[in-house]
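Asks: Given these sequences and hints, build the entire structure.
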Amino acid sequence: MTDTTLPVPTRPIRAALSVVTVNRVLMAAALVILVGYLAVYIGYGLNLMAFPFDYDQGEGFELVDTILFSRGEFPYKDTNIYPFYSSNYPPLFHVIAAPFVWAFGETYWYGRLLGFLGTLIAAGAIVFAVYREGGNRAIAAASGLAFLASNTIYHIAPLFRQHMTMVMFETLAVVVLCGVNEIEDKPQRRRVMLTGLAFILAAGYTKQLAYATAFAAFAFLFIRQPRRAVVWGVGFGMVGVAIFVWINVATHGQWWQQTIAANVNEFIPDQTFGLYRLWFGLHGFLIVPAVLLVVYELYFARLSIYALWFVAAVANAALSGKWGAGDSYFATAIAATCVLSGIFAARTVKRAWTFPPNYLTRIAVPILHPFKALARPFGAAGLVIVPLLYIGYGRAVLHLPTDIAPYSLVADALGVEANALNGFYDSAGRIAGGYADIGHWTTQADIDAGWQIVERVRAVSGDVLSEEAAFNLLAEKTVITNPTQLLNLALNGMFDSSELIALIEAQHFGLVVMRAQFYPVDVLQAIDRNYERTETIPMNGFGYILLQPRAVPLRNDIETGGTG
Amino acid sequence: MMSNRFTLSKRLLGLLLLIGGAAAFMGILAIDLLDVGREGGIGPAQQIALVGAAALALVGVTLIPLGDRRA
Numbered sequence: 001m002t003d004t005t006l007p008v009p010t011r012p013i014r015a016a017l018s019v020v021t022v023n024r025v026l027m028a029a030a031l032v033i034l035v036g037y038l039a040v041y042i043g044y045g046l047n048l049m050a051f052p053f054d055y056d057q058g059e060g061f062e063l064v065d066t067i068l069f070s071r072g073e074f075p076y077k078d079t080n081i082y083p084f085y086s087s088n089y090p091p092l093f094h095v096i097a098a099p100f101v102w103a104f105g106e107t108y109w110y111g112r113l114l115g116f117l118g119t120l121i122a123a124g125a126i127v128f129a130v131y132r133e134g135g136n137r138a139i140a141a142a143s144g145l146a147f148l149a150s151n152t153i154y155h156i157a158p159l160f161r162q163h164m165t166m167v168m169f170e171t172l173a174v175v176v177l178c179g180v181n182e183i184e185d186k187p188q189r190r191r192v193m194l195t196g197l198a199f200i201l202a203a204g205y206t207k208q209l210a211y212a213t214a215f216a217a218f219a220f221l222f223i224r225q226p227r228r229a230v231v232w233g234v235g236f237g238m239v240g241v242a243i244f245v246w247i248n249v250a251t252h253g254q255w256w257q258q259t260i261a262a263n264v265n266e267f268i269p270d271q272t273f274g275l276y277r278l279w280f281g282l283h284g285f286l287i288v289p290a291v292l293l294v295v296y297e298l299y300f301a302r303l304s305i306y307a308l309w310f311v312a313a314v315a316n317a318a319l320s321g322k323w324g325a326g327d328s329y330f331a332t333a334i335a336a337t338c339v340l341s342g343i344f345a346a347r348t349v350k351r352a353w354t355f356p357p358n359y360l361t362r363i364a365v366p367i368l369h370p371f372k373a374l375a376r377p378f379g380a381a382g383l384v385i386v387p388l389l390y391i392g393y394g395r396a397v398l399h400l401p402t403d404i405a406p407y408s409l410v411a412d413a414l415g416v417e418a419n420a421l422n423g424f425y426d427s428a429g430r431i432a433g434g435y436a437d438i439g440h441w442t443t444q445a446d447i448d449a450g451w452q453i454v455e456r457v458r459a460v461s462g463d464v465l466s467e468e469a470a471f472n473l474l475a476e477k478t479v480i481t482n483p484t485q486l487l488n489l490a491l492n493g494m495f496d497s498s499e500l501i502a503l504i505e506a507q508h509f510g511l512v513v514m515r516a517q518f519y520p521v522d523v524l525q526a527i528d529r530n531y532e533r534t535e536t537i538p539m540n541g542f543g544y545i546l547l548q549p550r551a552v553p554l555r556n557d558i559e560t561g562g563t564g
Numbered sequence: 565m566m567s568n569r570f571t572l573s574k575r576l577l578g579l580l581l582l583i584g585g586a587a588a589f590m591g592i593l594a595i596d597l598l599d600v601g602r603e604g605g606i607g608p609a610q611q612i613a614l615v616g617a618a619a620l621a622l623v624g625v626t627l628i629p630l631g632d633r634r635a
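Quick note, the sequences are listed as chains A and B, same order.
Using the numbering used here, the first residue of the first sequence is number 1, and each one after it goes up by one.
Using the numbering used here, the first residue of the second sequence is number 565, and each one after it goes up by one.
To be clear, the hints were calculated from the coordinates, so they are not data collected in a lab.
Here the structure is a predicted model, which is why all the values come from computation and not from measurement.
Quick reminder that beta carbons are idealized off the backbone N, C-alpha and C, glycines included.
Some clues are possibly wrong.
[Unchecked claim] Label pairs and their computed distance ranges (CB to CB): (1) I183/A <-> G605/B: 48 to 58 Å; (2) N568/B <-> L46/A: 45 to 55 Å; (3) G493/A <-> L597/B: 45 to 55 Å; (4) A619/B <-> P366/A: 34 to 44 Å; (5) G605/B <-> T354/A: 24 to 34 Å; (6) V25/A <-> R633/B: 48 to 58 Å; (7) N568/B <-> L194/A: 25 to 35 Å; (8) R633/B <-> V384/A: 41 to 51 Å.
Replies: Laid out in C-alpha cells, this is it:
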C-alpha cells in the first residue's frame, strides 16, 4: 500500500538514482577487470613457483644468501678471495626465508611464495587504508586490486627477491602510523608507534630503498607533533644504528662495503626519464587523482602520511636510473598512488569535499561563480568518472598470456597479440630502458633447457663458473662469484680481480656458463682468452653460453675477440 | 615547539620548505663551485635535483599565506 504522505519522486531524484545505478554497473565492470588481473597474477605466481631455475637474473644469489643465513653465516664476504661471493642486500628477507631451507632444501619456490604473499598483504593493507578513510567497500577493493594489476607490481611480485617484502613492510608501516598522533590513550599510542616504526625498520633491513618511507613517516610525525617525532626518532635511530654496527663488526666491515659503498652506481638520466614516462603512461588514471588529493591536503586540509609517502616515493623513484635499478623502484610509489587515488575516489563518490576559506578560495570563488549551477551535476558526474578511472586504468595496464586458456579467450576477444616472450602481452611495451624484461610465463621447454645446462655442469669435475647460481646449486657444486656484485665493486674500484683471474688463467673451472656477461671487463677478457664457446642453450628468452677451456689459450693482447 | 600540544602550522611548514628548498638549491649549485675540476657543468642528476629544490621552495612560498591552520 502506497503511503500518500511521502513526496512524489521528482526528476532530480530519479536522475540521481540512475546515476547511482550507472555508478554501480561501471564499478562492477571495473572490479571484474581488476579481478581478471588478480587471476593473471595468481597464474603467473604459480607458474614461477614451479620453475626450478633463475627466472629473473640474480634470484639464485638471493637463494644463496638465504642458504648462508640458514647455516648461521652472513653473506657479506670478502669478494677478493675464493669463492668471490657476497650479497649486496640487507638480511631480513633472507632471514625470513631461512627456515624454509631447513624444511624444504635449496629451492626457489618458497622465496617466490614469500614475495607473492607479501604483495597480497600489501594489497590488503591498501584495501584496509582506503576503506578506513573512505568507507566505500567497492573502491577499497578496487584500490587493492589496482595495486596487483600494475605491470610493475605484477612482474616483480612473485620473484625470489626482497623488493616486494620491503614494500609490504612500508605499506603496513604507513597504514599503522596514519592516525597514531590522534590516539588519546598513551599506552595504546606507544604500542601503535612501536609497531609502525618496527615495520619501517623491517623495511629498511629488507632493502635500503625504504629510507624514503622512513623519511616520509618521520616528516609526518614531525609536522603533527615535533616533540614526539624527535623522541621516537632518536630511539629509532639508535636501534637502527646498533643493528648496523653489529652486522658491520660481525662481518669485519664487509656489510658496509658490500651493501652501501658498492651500491653507488652510475646514474643514467635517460633511463630515469623513460621510466617516469612509462610510470605515468601506465598508472596515469590513478596518479592524477592521487596528485589532486596531495594538493588538496596541502592547501585545504592536514597533510596525511599517505601524501608525504607518495611525494617521497615518487622522488625516490628517480634512483631507478641507476645502473642495476629499474621499474621496481616505482613499486612504493605505486602503492601510495593506489591508497591516495582510492581515498580521492571514495571522497568524490560521497561528495565529501570541503574547501575552508583561504586566499585560494578567495581567488577561485569569483572565477567559479558563473558555474555554480553546475555544482550538482558535476558532483553526480563524479559517480560516473570514478569507476571509469579504474576501467581506464585496467585498459592501460593490460597484460596477459595470449596462448594459455582461459586468458587466451580474453586476448582473442580484445584482439591482443603477444609482444613479449612465450606468448605474453604487456602494454608497457618493454621499450623503456630499465623496465624488467619479465612477466611472461615459463614453459616446459624452458625447464627442459635448464636441466640440460645442469647436466652439463654435473658432467664437469671440479668447479664451474656460472653467472646464475641455480645450475651449481642443483648440480651440488660450490657457487662461485656473484657477477653483478663484482661489477658493482669493480665500478667503484673495490674489487681486486687478481685471484679470480689467476684461476681463470689456470683454467681451474671446467665450464663457464654465461647469461648476460655481467662480470667486470678484465674478468670477461680473461674468460675469453682461456675459454671458448662450445654450446648455446636457449632458456627463458636468454641464450646461455657454455664455454670450455681452450686447448691453446689466447695471448693476453689483441687475440681476444669477445665471447659474444 | 617541544611542547606536547605543538603542531606545525601551514605558515611554519611553508617557511621550512622555503628555507630547505633554497638551501638545497644553493647547495646543489655549490657542488660545481667547490669541485671546479668536474667536467660537463651542471649534470643531469643535478638538474633534476635543482628542479626538485626549486619546487619545494615554491610550494613553501604558497603555504605561508595560509597562516596558523594546522599543516
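Asks: Would you say the C-beta atoms of I183/A and G605/B sit inside 48 to 58 Å of each other?
Replies: For I183/A and G605/B the Cβ distance comes to about 51 Å; the hint holds.
Asks: State, for the Cβ atoms of V25/A and R633/B, whether the hinted interval 48 to 58 Å holds or is violated.
Replies: At roughly 40 Å between Cβ atoms, R633/B and V25/A fall outside 48 to 58 Å, so the hint is violated.
Asks: Evaluate the given range 25 to 35 Å for the C-beta pair formed by N568/B and L194/A.
Replies: The hinted range 25 to 35 Å is violated for N568/B and L194/A, with Cβ atoms some 18 Å apart.
Asks: For the pair A619/B and P366/A, does the Cβ-Cβ distance stay inside 34 to 44 Å?
Replies: violated (28 Å)
Asks: That 24 to 34 Å hint for G605/B and T354/A (C-beta), does it hold up?
Replies: Given range 24 to 34 Å: violated, Cβ gap about 48 Å.
Asks: When you take the CB atoms of N568/B and L46/A, is the distance between them in 45 to 55 Å?
Replies: Distance hint for N568/B, L46/A holds at roughly 52 Å.
Asks: Cβ-Cβ distance between R633/B and V384/A: within 41 to 51 Å?
Replies: violated (33 Å)
Asks: Falls inside 45 to 55 Å, the C-beta gap from G493/A to L597/B?
Replies: Given a distance of about 26 Å, which is not inside 45 to 55 Å, the answer is violated.
The structure fails to meet hints 3, 4, 5, 6, 7 and 8 from the earlier list, while all remaining hints are met.
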